[in-house]
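Please construct the entire structure, taking both the sequences and the accompanying hints into account.
So you can see what is in the structure, the chains are spelled out below.
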Amino acid sequence: MGDWKAITVPLLSSDSKNIFPYTSERKRSPTSMNSQVLRLSLPSPKNMYSFFGAFCTEENLEQSISYIDRELTTMGFPSIYAESKGKELNLVSIINCMNELLVLQHKNLRAQEEVEMQHLKLGSDMDHLQNCYAKLKVQKLQNIISSRATQYNHDMKRKEREYNKLKERLHQLVMNKKDKKLAMEVLNYVGRADGKRGAWRTDKTEARNEEEMYKVLLSDYEQRQKQLLLENAELKKILQQMKKDIVSLLPPQKQKPKERSEDGLVLSDQEEDIGELNKENMWELSCETVREQLTNSIRKQWRMLKNHVEKLDNQVSRGHSGAWNEKDVISREAHELETEKLELEIQQCKEMIKTQQQLLQQQLTCDDDTTLLLQDCYLLEERERLQEEWRLFREQKKNFEKERKSFTEAAIRLGLERKAFEEDRGAWLKHQFLSMTADCKPENVTTSAFLRSSDPDIRLVKSASRQRKPPFVLSPAVSPEPCQISQYITHNSVASEKPAADNMPNLWVESDDKEGTEECTKLWEDSGVGTLCRNLHMEQLP
Amino acid sequence: MNFSELFKLSGLLGRFSPDGKCLASCIQHRLLVRDASSLQILHLYTCLDQIQYIEWSSDSLFILCAMYKRGVVQVWSLEQPDWHCKIDEGSAGLVASCWSPDGRHILNTTEFHLRITVWSLCTKSVSYIKYPKACQQGVAFTKDGRYMAVVERRDCKDFISIFVCNNWQLLRHFDTESQDLFGIEWAPNGCVLAAWDTCLEYKVLLYSLDGRLLSSYRAYEWPLGVKSIAWSPSSQFLAIGSFDEKVRILNHVTWKKITELDHPATISSKNTIVYKEVEKSPTVDTERLTFPPTRALASSLFSTQSKYEISQVPVSLQYTKPVADRANPKVGVGMLAFSADNCFLATKNDNIPNAVWIWDIRKLKLSVVLEQLSSIQGFQWDPCQPRLAVCTGSSRVYLWSPAGCVVVQVPGEGDFQITSISWHPSGDSMLLLSKENFCVCYLEREEVK
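The listed protein sequences derive, respectively, from chains A and B. Those letters in the first sequence? Residues 1 to 542, by this note's numbering. Those letters in the second sequence? Residues 1 to 449, by this note's numbering.
Rather than coming from a laboratory, the hints here were simulated on the basis of the structure. Misleading hints may appear alongside valid ones.
Keeping only pairs whose Cα atoms sit at most 16 Å apart, straight-line, the calculated EDC-like set for lysine to aspartate or glutamate is [as the list claims (entries may be wrong)]:
{"no.": "1", "chain 1": "B", "residue 1": "124", "chain 2": "A", "residue 2": "185"}
{"no.": "2", "chain 1": "A", "residue 1": "159", "chain 2": "B", "residue 2": "180"}
{"no.": "3", "chain 1": "B", "residue 1": "157", "chain 2": "A", "residue 2": "292"}
{"no.": "4", "chain 1": "A", "residue 1": "157", "chain 2": "B", "residue 2": "155"}
{"no.": "5", "chain 1": "A", "residue 1": "165", "chain 2": "B", "residue 2": "155"}
{"no.": "6", "chain 1": "A", "residue 1": "157", "chain 2": "B", "residue 2": "180"}
{"no.": "7", "chain 1": "B", "residue 1": "143", "chain 2": "A", "residue 2": "220"}
{"no.": "8", "chain 1": "A", "residue 1": "236", "chain 2": "A", "residue 2": "168"}
{"no.": "9", "chain 1": "B", "residue 1": "130", "chain 2": "A", "residue 2": "376"}
{"no.": "10", "chain 1": "A", "residue 1": "215", "chain 2": "B", "residue 2": "210"}
{"no.": "11", "chain 1": "A", "residue 1": "159", "chain 2": "B", "residue 2": "155"}
{"no.": "12", "chain 1": "A", "residue 1": "215", "chain 2": "B", "residue 2": "144"}
{"no.": "13", "chain 1": "B", "residue 1": "157", "chain 2": "A", "residue 2": "185"}
{"no.": "14", "chain 1": "B", "residue 1": "86", "chain 2": "A", "residue 2": "185"}
{"no.": "15", "chain 1": "A", "residue 1": "167", "chain 2": "B", "residue 2": "210"}
This is how it looks when you write it as C-alpha cells:
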C-alpha cells in the first residue's frame with residue numbers, strides 16, 4: 001500500500017459542519033484541535049475550501065487522522081487504519097468511507113429538498129384553508145343571524161298577538177265606558193269648508209269615489225305620457241341631427257364599405273326609407289321598427305366614424321414614430337416639396353405686393369404738382385394718340401377724297417366720252433344710212449369716214465379699243481349700263497359722247513370681262529363711287 | 001334682516017298659519033295668536049292643561065290644542081273667539097291628534113293605538129278606524145287633501161287602507177309585503193304611495209293610488225336599512241337615506257335607482273365648495289369698557305361671533321364613530337329634504353353631525369358642504385326659493401343659497417339656543433324656536449347675496 005503518512009485528506013464541509021459542533025462539545029480532541037474546532041464551528045460553504053488546510057496541517061496530521069478515524073468508527077464506518085494500532089492507513093477503507101459519506105450527503109440533500117417542498121405546500125394549504133375558514137365563518141355567522149332573526153320574529157309575533165289580545169280587551173272596556181259620556185262638547189256645529197252639505201254613504205258614492213280615483217290616476221298618467229312623448233321627440237330629433245353630423249364628418253370613402261358588403265347596400269336603402277319614415281312619423285308614432293332602425297343606423301355610423309378616427313390616429317402615430325411605409329414617406333416628401341413651392345410662391349407674391357404697394361405709395365404720396373404733371377402726361381399721351389388717330393383719319397379721308405375725285409373725273413370723262421361716242425355713233429349711223437343710200441363712195445372715205453367721222457360703231461370700237469388699254473375702271477363705266485346707253489342713244493339726238501364699244505357692238509355688253517365688269521361693279525359699288533358716277537351720268541345727260 | 005324680540009314659548013310650539021297671516025305660540029296652557037308681521041297679540045286662549053301639540057286647520061280659521069295627559073283636544077276659532085269645542089277621549093287616552101285636510105274633522109289616536117277616532121265639527125257623526133299601526137308615520141294625507149292612507153296591522157301582518165276624505169269611505173284595503181312597516185308617504189302628485197319597512201329590513205314599497213304594487217326596492221339585505229325618506233316636489237324622485245351613510249335616489253319612470261350619494265368623511269372632489277364656520281374673536285372697544293359692565297356689553301363679550309370661510313379641498317370632516325352596541329345608532333342619513341324648486345337636496349349624515357351636505361339634483365353631484373362648529377339640530381328649505389336655513393343650537397342662524405352663505409347672529413341677550421326653524425309660507429320670514437323662547441326673523445326681498 002505504501003507509506004500514507006504524507007497524504008493530506010480533504011475534508012467534506014458538510015461533515016465538518018456536522019462534526020464540529022459535536023466535537024466542540026466532546027472535548028476529547030486535543031487542545032490544538034479544539035481551538036481549531038472552535039474556530040471552525042461557524043463555517044460557511046464559501047470558506048469551505050479555505051479551511052481545507054485549517055483542520056489538518058502538516059503538524060497535526062497524526063492527530064487529525066486519528067480524530068477522523070474515531071469519528072468514522074463512532075458513525076459505524078470501518079476504521080481507516082490498516083491495523084488496529086498501526087499508523088498505516090487503509091486506502092481502500094478510506095475510499096469506501098468517503099464514498100459512503102458522499103452517498104449520505106446526496107441523500108441528505110434530497111431529503112432537505114423534499115422537506116422544503118413540503119413546507120411550501122403546507123404553507124399554501126394553510127393560506128387556502130384560512131380563507132375557506134374565514135368564508136365559512138362568515139357563512140356560519142350569517143346562518144346564525146338568520147336563525148336568530150327568524151326566532152326573534154317568531155317571538156315578536158307571539159308577543160304581538162298577546163298585545164293585541166290585551167288591546168282588544170282594553171278596547172272593549174273603554175268602549176263600554178264611553179257609551180255613557182258625551183265625548184264632544186261644541187258650542188255649535190260649524191259649516192263645511194266647501195259650504196255643501198254632507199252626503200250619505202251609499203253605493204252610489206262608492207262608485208263615484210272609484211271613478212274619481214281612476215280619473216286622478218288617469219290624468220296623472222296622461223300627463224306623464226305627454227312629458228315622455230315630448231322627451232322622446234326631442235331625443236329623436238337630436239339623434240337625427242347627430243346622424244347627419246356623423247355622416248357629414250365621415251369622408252366620402254364611406255361609400256366603399258357600403259358597396260362592398262351586401263348588408264351595406266341593404267342598409268343604405270333602409271336608411272333612405274328610415275329618413276323618409278322618420279320625417280313623417282317622428283311626431284306621431286313611436287314605431288318599434290322605426291326606432292330600432294334609427295338606433296341601428298346611428299350605431300353603424302358611429303362605428304364607422306370611430307374606425308375612421310382610429311385610422312387617423314394610427315396614421316398620426318405611425319408618422320410620429322417614423323415607420324418606413326413607402327407610401328407615407330413619399331407622400332410626406334411630396335407634401336414638403338409642395339409646401340416649399342407654395343412658400344416660394346407666397347414669397348414672390350409678397351414681393352410683388354410690396355412693389356405694388358410702393359408704387360401705390362409713391363402715387364399717393366406725390367405732391368400735387370407732380371400729380372398734375374403726371375396727369376398731364378397721361379393727357380398728353382392720350383392727346384398724342386388721338387392726334388395720331390386723327391392724322392390717320394385725315395389721311396384716309398384725303399385718300400378717299402382723291403379717289404372720289406378721280407372717280408368723279410373718270411366719270412366725267414366717261415360721260416364726255418360717252419357723249420362723243422354717241423355723237424360718233426349717230427354720225428356713223430347717219431353715214432351708214434347715207435352710204436347705204438349713196439352706194440358709191442370711196443372706201444377710203446368710208447374708212448376714213450369710218451375712222452374720222454362720227455361713226456358710232458367704229459368709234460365705239462376704237463374708243464373701246466382705245467379705252468380698253470387704260471384701266472378697267474373706265475370700261476365698266478359703260479358695260480353695266482347697256483340699257484342706259486341705249487337710252488342715251490335713243491333719247492339723245494346729239495351723240496356727244498363716245499361711249500366705249502367693242503368689235504361686236506351687240507355683244508360687247510355681255511361678252512368679255514363680264515366677270516371683270518362684275519367685279520368692277522362690285523368695287524364700284526363698294527367704294528360707293530359707282531353710284532356717284534351713275535348720278536353724274538344722270539345729271540350730265542339731261 | 002330684521003329680528004324681532006324674544007318671546008316666551010314652551011314645548012317648541014310655534015306655528016305660522018297656512019295663509020301666513022298669523023302666528024300661534026304656546027306658553028304652558030295658554031295659546032297666543034299674533035299677527036305675523038307685527039307680532040301683535042290678536043287672541044289669547046286658555047286651555048285646560050299644558051298644551052302638548054297645536055295645529056292650524058288648513059283654512060287658518062281654527063287651531064286645535066291637544067293635551068295628551070288629560071286626553072283632551074280643544075279647538076279654537078279665530079273668526080269667533082267665543083266659539084269653543086272640546087273633545088274628551090276619556091279613558092281611551094290620547095297619543096296623537098291632527099286635522100283632516102278639509103279643516104273640519106279631527107283625527108285622534110287613542111292610547112296604545114287602539115283606534116283612530118274621526119270627529120266631525122260639522123255633524124254629529126263619528127267614525128272609527130280600527131287597528132291603526134303604532135309607527136312613526138302611520139297616517140298620510142295627499143297634498144290635495146282628497147285621500148288618506150292609514151297603516152293597519154292585523155294578525156301580525158301589515159295592511160294599508162285608503163280613505164276618501166270627503167266622506168270617509170274606504171276606497172282600498174290591501175296587504176303589504178313588509179315585515180313591519182315603519183312609515184308611509186304620498187308623492188306630491190297624489191298618485192303614488194311610498195311605504196318603507198323597519199330599519200331591520202331594507203325595503204321600500206311603492207303603491208299606486210288604486211292599491212296596485214308598482215315596485216319594490218331593496219338595496220341590501222342584512223345591515224340596518226332605511227332611516228329617512230323624501231319625495232321631490234315634482235314627484236320625479238324618491239330619495240332614500242339609509243344607515244350605510246348613503247342616499248339612493250329612485251326615478252318615477254322605472255322606480256329603479258339612478259344614483260347613490262355617498263357621505264364620506266373626506267371630501268376630495270374639486271367641484272365641491274366647503275364652507276367652514278370659524279369663530280372670530282369679538283372686537284372689544286377698550287375705551288367703552290365701564291365698571292360695572294352693562295349687560296349688553298357682557299353678553300357681547302361672551303358671545304362668540306363666527307363667519308364662513310371656504311376650506312380648500314381635500315377636507316376631512318369631523319367624524320364620530322358610532323357606538324356599536326346601542327339601538328338606533330347615530331349612523332346613517334337621518335335628515336333629507338328637497339328644495340322647493342326641485343334642484344337641490346340637503347342631507348345630514350349622523351356620523352358627521354356637524355355637516356350639511358347639499359347636492360345638486362340636476363347634476364347628481366355634491367355641490368356644497370356646510371361645516372358648522374356644533375352639531376346640526378335642523379334645517380329647512382324656503383318654501384319659495386332654493387334657500388336653506390340651518391340651526392345648530394347656537395344663537396346664530398345660517399342661510400345658504402346658490403349665491404352664497406351667511407351667518408347671522410340673533411341680536412339679544414345671548415342665551416338663545418335655536419333648535420328649530422320654521423319658514424313663513426311666503427318665504428319672507430322665519431320662526432326661530434328654542435326651548436324657552438322664539439324669535440321671528442324678517443328677511444328683505446333682495447336679501448340673499
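Self-check item: Which numbered hints fail
Solution: 3, 8, 9, 13 and 15
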